[in-house]
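J.: These protein sequence lines are chains A and B, in that order.
Those letters in the first sequence? Residues 1 to 192, by the numbering used here.
Those letters in the second sequence? Residues 193 to 384, by the numbering used here.
In case anyone wonders, no lab produced these hints; they're calculated from the structure.
Note that the Cβ used here is the ideal one computed from N, Cα and C, for glycine as well.
A couple of the hints might just be wrong.
[Unchecked claim] Covered stretches of chain A, as calculated for chain B (at least 3 residues, CB under 8 Å): (1) 86-93; (2) 112-126.
[Stated by the list, open to error] In silico contact screen, one side only, chain A against chain B (beta carbon under 8 Å); selected entries: (3) L82; (4) Y83; (5) L136.
Number of protein chains: 2
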Amino acid sequence: MHELLIKNFGKYVSLTADEINKIPAFFVHKKVPRKKLLLEEGSVCQGDYFVIKGCLRQYETDAEGRENVVQFALEDWWISDLYSMFTNTPSVYNIDALEDAEVLFISHANQEALFREIPVMNIYWRIIMQHAFVALQRRVLFLQKPLEERYHDFLQRYAYFEQRIPQHQIASYLGITRESLSRIRGAVLKNK
Amino acid sequence: MHELLIKNFGKYVSLTADEINKIPAFFVHKKVPRKKLLLEEGSVCQGDYFVIKGCLRQYETDAEGRENVVQFALEDWWISDLYSMFTNTPSVYNIDALEDAEVLFISHANQEALFREIPVMNIYWRIIMQHAFVALQRRVLFLQKPLEERYHDFLQRYAYFEQRIPQHQIASYLGITRESLSRIRGAVLKNK
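Excised from the complex, chain A in its bound form:
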């Protein structure tokens, strides 16, 4: 059950057999049926989720009741509201499952314990935090771009999302209407 996680760690750090054996104790395996909320707006995010099956999304609900997607997470990805977790403040986000999913959950406290027990995990999480920072900054720059450019960027980076995630969810992530997305997709397909 932890193979994908251990493999992910192995991309960035070297773990001994002894360390690998210790890891599962820090995580809780959770099944997440489609539409189930893992995090609800207004509550404090308790830890970090590593996706081993299915697709999760993180979104906020705006004043008009629209759901604005800020992140998708497929297998081998982390998802969490790190801001809420680190500052211990209520989240402005929801996290739910777009498909039946399975995650490995590590609480904030267990993460701190993991750093003490397996120090090389500090290297891993330093790198993961660098990635999270870059992804957030990319998102800020991304939303300042014209619609067409956003879609091209998205396709370049996340073409495989197109197969897994409904069009209206992608439109929400891109910050555009479903109609605009259809129009832009049409133009892209025509130019191929």
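Given chain A, put chain B in place with the hints provided.
T.: Positioned in the frame of chain A, the structure of chain B alone reads:
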């Protein structure tokens, strides 16, 4: 010259005397006269700056030629375009000095060498990356708030900036005009 930096490390990790002696070799001391650019839009950010004297700012120039401040850094703070540094892509930001300043600069390559030479630095930078992530997320949420709220948030968190940084720079950081800032400040002072 490195006392402030060593003290800053000491807030988060314990260093041996031997490790402390090794640290200066990884940094370059730079004097930065007022208005001098440390990073220029279009070039790749080469590393991270720790301020030991003065005040730096990070800003972008928009299509209308306006300078939009995204961060100030006073003594004991880090400043850099981490996105540009980690992705090795041209920066959209400038970093310059608002006052005559002094910094300790660590190049990206030297930072990687520091992690190998003094592994506990991975803990320090994991925590610094968490702070950087939280600060960036806070900025995203901040710019979605009404003007008055932004100024109140700013005062709560950064009241000491008011003494050091010109009003038009603060207005730029808050994403409001100088006139709006004057109006809001007037209302705040009247209510005191």
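J.: Interface hint check: A/Y83, Cβ to nearest Cβ on chain B, cutoff 8 Å. Holds or violated?
T.: holds, 4 Å
J.: Given A/L82 as an interface hint, is the shortest Cβ-Cβ distance to chain B below 8 Å?
T.: holds, 6 Å
J.: Do three or more residues of the region 112-126 of chain A come closer than 8 Å to chain B, measuring C-beta to C-beta?
T.: holds (count 6)
J.: Let's test the interface hint: is any C-beta of chain B closer than 8 Å to that of A/L136?
T.: Holds: closest Cβ of chain B sits about 5 Å from A/L136, inside 8 Å.
J.: Examine the region 86-93 of chain A for residues whose CB is less than 8 Å from any CB of chain B, and state whether their number is three or more.
T.: holds (count 3)
Consistency with the previously given hints is maintained throughout, with no hint failing.
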